[in-house]
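Peer 1: Here is how the chains run, residue by residue.
There are 2 protein chains.
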Amino acid sequence: MRRFAADRARRAVVASLRGAASSRSAAPSPLAPAPRHPAPPVGAAAMAAALARTMSTAAAGTPPVSLNTINPKVLKCEYAVRGEIVTHAQNLQQELQKNPDSLPFDEILYCNIGNPQSLGQQPVTYFREVLSLCDHPGLLDKSETHALYSSDAIERAWQILEKIPGRATGAYSHSQGIKGLRDEIAAGIAARDGFHASGDNIFLTDGASPAVHMMMQLLIGSEKDGILCPIPQYPLYSASIALHGGSLVPYFLDEETGWGLEIDELKKQLEEARSKGITVRALVVINPGNPTGQVLAEENQNKIVEFCKNEGLVLLADEVYQENIYVEDKQFHSFKKIARSLGYTDDDLPLVSFQSVSKGYYGECGKRGGYMEITGFSPEVREQIYKLASVNLCSNVSGQILASLVMNPPKAGDESFESFMVERDGILSSLARRAKALEEAFNSLEGITCNKAEGAMYLFPRLHLSQKAIGAAQAAGTAPDAYYAKRLLEATGIVIVPGSGFGQVPGTWHFRCTILPQEDKIPAIISRFKEFHEKFMDEFRD
Amino acid sequence: MRRFAADRARRAVVASLRGAASSRSAAPSPLAPAPRHPAPPVGAAAMAAALARTMSTAAAGTPPVSLNTINPKVLKCEYAVRGEIVTHAQNLQQELQKNPDSLPFDEILYCNIGNPQSLGQQPVTYFREVLSLCDHPGLLDKSETHALYSSDAIERAWQILEKIPGRATGAYSHSQGIKGLRDEIAAGIAARDGFHASGDNIFLTDGASPAVHMMMQLLIGSEKDGILCPIPQYPLYSASIALHGGSLVPYFLDEETGWGLEIDELKKQLEEARSKGITVRALVVINPGNPTGQVLAEENQNKIVEFCKNEGLVLLADEVYQENIYVEDKQFHSFKKIARSLGYTDDDLPLVSFQSVSKGYYGECGKRGGYMEITGFSPEVREQIYKLASVNLCSNVSGQILASLVMNPPKAGDESFESFMVERDGILSSLARRAKALEEAFNSLEGITCNKAEGAMYLFPRLHLSQKAIGAAQAAGTAPDAYYAKRLLEATGIVIVPGSGFGQVPGTWHFRCTILPQEDKIPAIISRFKEFHEKFMDEFRD
Chain R
1 MRRFAADRAR RAVVASLRGA ASSRSAAPSP LAPAPRHPAP PVGAAAMAAA LARTMSTAAA
61 GTPPVSLNTI NPKVLKCEYA VRGEIVTHAQ NLQQELQKNP DSLPFDEILY CNIGNPQSLG
121 QQPVTYFREV LSLCDHPGLL DKSETHALYS SDAIERAWQI LEKIPGRATG AYSHSQGIKG
181 LRDEIAAGIA ARDGFHASGD NIFLTDGASP AVHMMMQLLI GSEKDGILCP IPQYPLYSAS
241 IALHGGSLVP YFLDEETGWG LEIDELKKQL EEARSKGITV RALVVINPGN PTGQVLAEEN
301 QNKIVEFCKN EGLVLLADEV YQENIYVEDK QFHSFKKIAR SLGYTDDDLP LVSFQSVSKG
361 YYGECGKRGG YMEITGFSPE VREQIYKLAS VNLCSNVSGQ ILASLVMNPP KAGDESFESF
421 MVERDGILSS LARRAKALEE AFNSLEGITC NKAEGAMYLF PRLHLSQKAI GAAQAAGTAP
481 DAYYAKRLLE ATGIVIVPGS GFGQVPGTWH FRCTILPQED KIPAIISRFK EFHEKFMDEF
541 RD
Chain W
1 MRRFAADRAR RAVVASLRGA ASSRSAAPSP LAPAPRHPAP PVGAAAMAAA LARTMSTAAA
61 GTPPVSLNTI NPKVLKCEYA VRGEIVTHAQ NLQQELQKNP DSLPFDEILY CNIGNPQSLG
121 QQPVTYFREV LSLCDHPGLL DKSETHALYS SDAIERAWQI LEKIPGRATG AYSHSQGIKG
181 LRDEIAAGIA ARDGFHASGD NIFLTDGASP AVHMMMQLLI GSEKDGILCP IPQYPLYSAS
241 IALHGGSLVP YFLDEETGWG LEIDELKKQL EEARSKGITV RALVVINPGN PTGQVLAEEN
301 QNKIVEFCKN EGLVLLADEV YQENIYVEDK QFHSFKKIAR SLGYTDDDLP LVSFQSVSKG
361 YYGECGKRGG YMEITGFSPE VREQIYKLAS VNLCSNVSGQ ILASLVMNPP KAGDESFESF
421 MVERDGILSS LARRAKALEE AFNSLEGITC NKAEGAMYLF PRLHLSQKAI GAAQAAGTAP
481 DAYYAKRLLE ATGIVIVPGS GFGQVPGTWH FRCTILPQED KIPAIISRFK EFHEKFMDEF
541 RD
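Chains R and W, in that order, give the protein sequences. The first sequence begins at 1 in my numbering and counts up by one. The second sequence begins at 1 in my numbering and counts up by one.
If you're looking for bench data, these hints aren't it; they were derived computationally from the structure. There are no misleading hints in this set.
Think about it this way: if two alpha-carbon atoms lie no more than 35 angstroms apart in a straight line, the pair counts; the simulated DSBU-like pairs of lysine-lysine are:
1) Lys387(W) <-> Lys98(R)
2) Lys76(R) <-> Lys268(R)
3) Lys535(W) <-> Lys468(W)
4) Lys179(W) <-> Lys530(R)
5) Lys387(R) <-> Lys387(W)
6) Lys163(R) <-> Lys530(W)
7) Lys276(W) <-> Lys387(R)
8) Lys179(R) <-> Lys387(W)
Work out the full structure, taking the sequences as your base and the hints as a guide.
Peer 2: Following this line, the structure appears as structure tokens:
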């Protein structure tokens, strides 16, 4: 019955619309007024209206949305970490599910993205206990709960609920995040840095990515606004700058010195951008580096802070890998600590530090928690940042809770402390071993050189390809490193991201490979990789 | 020691930078080449460079970021739901905490925002049980778990984990969301509408807001791109259009006919926009209405679909209040169901439906779950939408799980079904009673008229203000409805949002008030409101 009534309604409406359409199409010229409009516009406006009508009605046969009509900034934006090679891998995975014997490997190994739990890393028990209790606070009153949860997790869940107005974990929070959780994060930052931090400066976000977008949205008004970004860089930055219509001002990290960040290079690129009429607004520094894995030396960081101070730049510090340090001679120092150690206060330097629950030893990517700490902005500008945050209401509360937990994990004496430390250190020391094993494997191969991963979750080896291989890539209409990555995927199931997705010195070729496959799989990965690589080198020997 | 070393480093760096700065400031004119640059640029580029240098260095005394240098689109954007009046309320709340007797009320009642759990609504038990289990999957293997969780929640958590690759709730998911959960949502949509739905068309998002932003980002390339929006509207739309630099093309809902959406008005505004050279890309329809609470009749929806089809517009259907219907003579029909009932397929009409876990009877705002279902876009354009989603990696997995739960709640026969229905119906029937009580109270007052809330979570009463009141507002430098809202807040602690934040016919004044305070508080709210309003009317009688 409904269907019949609907059909009838449709016929009636279609008939009435047909009348309108035919009267329109019968119009002798696009300039004639359309008869169905009671008060047709006149003059130039009428011409424009009639033309627009003709051009944009469905009757003209053009679809309402096409690549020609969408925002060109969206077209321009690229994000290789989930780009073509990953789509290809997903297709192969479906192929494998249908015909397990159809490919020369039995699983796809996603080394394209820093997503530890997708490769088998287990979540930290204490964090999950607290989240589980906060999701179902009714449990906290029940005695049976003690059989399933550690007592300090129960205690922590109580403390967190007390910080949430009305204990309402299902309510929108303050747009910066729950004040009590921000204060806890600030306390964690202060303990880390030895300098004061304030919950008022924390903006909790759904991972670090929305925070980066928010700052780009604030700072970029047109293509005349430039952002200094490392090359190679994590493509979130290039994508966000493209989406907001700004200019990426590249500075090259020096592969020869372990991906060193040279102040002279920053200065050179800044001057060059300025000579083109670009106002450089900010400097992005990723430390520990992504995709490059280097950890900045304190002295180097001092110079970077002075550079920003002197040149009037906002320092956007991507510090999401702050827990991921694998070498004994390096330590993480936040840029805020560096700035405060140099004696600079809130009045001297606008500084944003991004942190995420997706990285570290916790690797809770799916929870989408994170924050930015902003200092050195005027109250009026902060108000604008708050407004941007408020348009999206707030970040997810579980992510907020988790961010407060990772910045204040269990302490000595807590029931969970020992087991927590075993889990934490187990993950971090295993990551260090994996980084070393993969780096050594890459360096043992002909035509690959690879800097050490001092931190983060990646290696970024350089491919020294033959002219013949480069020619084969050109013939296939693709960049040489993309060609290599595709061949590797098809031969082994290993997914890496071509260096071209991150940027690199022109004429050099790289790839990013995470160090995240579980340790027991590393030997097999290395041998599969080695076998492929040797064949590839033989195939394309000049 | 560290501090000492840092100070020393600072002095050294500052000295070296001072040299550079003084050589720069000593330059006789901004056009002279800066001596410290090894290869000074020449000609016009050099002039531009030198000028830029002078203008943007910190030495010039201007802060790196100010309201003059940030993105003007950010300045332009407004979001009244968390705007000035709410900031004022937060300040009063702090005041109350410090001095409980300092104000003529003892609590702030936030009726500004659809945030049910912040006002005491309890979460639906079954949903929280499942979330709690998915957060800590280790519980699923333990027999003690059965003492704390219902057996169907345990079963559902198992099913959900099976849908997540590697059971990894802590991993980034597919950028559209976990495929198995999208399929489940599609099944829920199909059951709701009686028409096929596909998980491939679902994009899970952190609430509906990021989905709206994504579509605006896609559709708006410049101020020549227009979006037809209802007035009054939910200010997310005006904010998002402003942030993306497009033109809001208003169409007015007709207050006289219960906030009716008239096709003639759509046509008139479309033509007018086109006559100004604006290409209208999409039509936003909010059904049930926010802030207006009307529920569209099926016949009206048919005409809206035909209008979009005929005019080549994307239909952006905000359907987040689909569960919130409070009158017996109205039903929710999704626009996709309407389009399919009219016989239109994917080829005929690009259509986006937004849904959120924040609304309905569940009201899980803090979880930031939601999705958009997109149909009728070409594969190339879909690829661009996917790319936008991928830049943010994925939405939070708990929100994804919850979105799949609200679209597939417990069914008859499930252990939790009866208690679930009691909770659900209790919330919905109470909301209906609250809507009616508040509407009747408003309509009983001199100088207020108020349409029925057929759905959603708001009333949008009209204030018929005296010239004297309007004069007082002008003298205070504010809009009359904002003046009223401020006075109400200061007298009663009740927070409402002035109609000017949503848009209204010029010369009319309204406010939005949620129906969300708990039912036992409604009588007191009404009497506080009434007392204030009567005094206000007396004070400003012409």
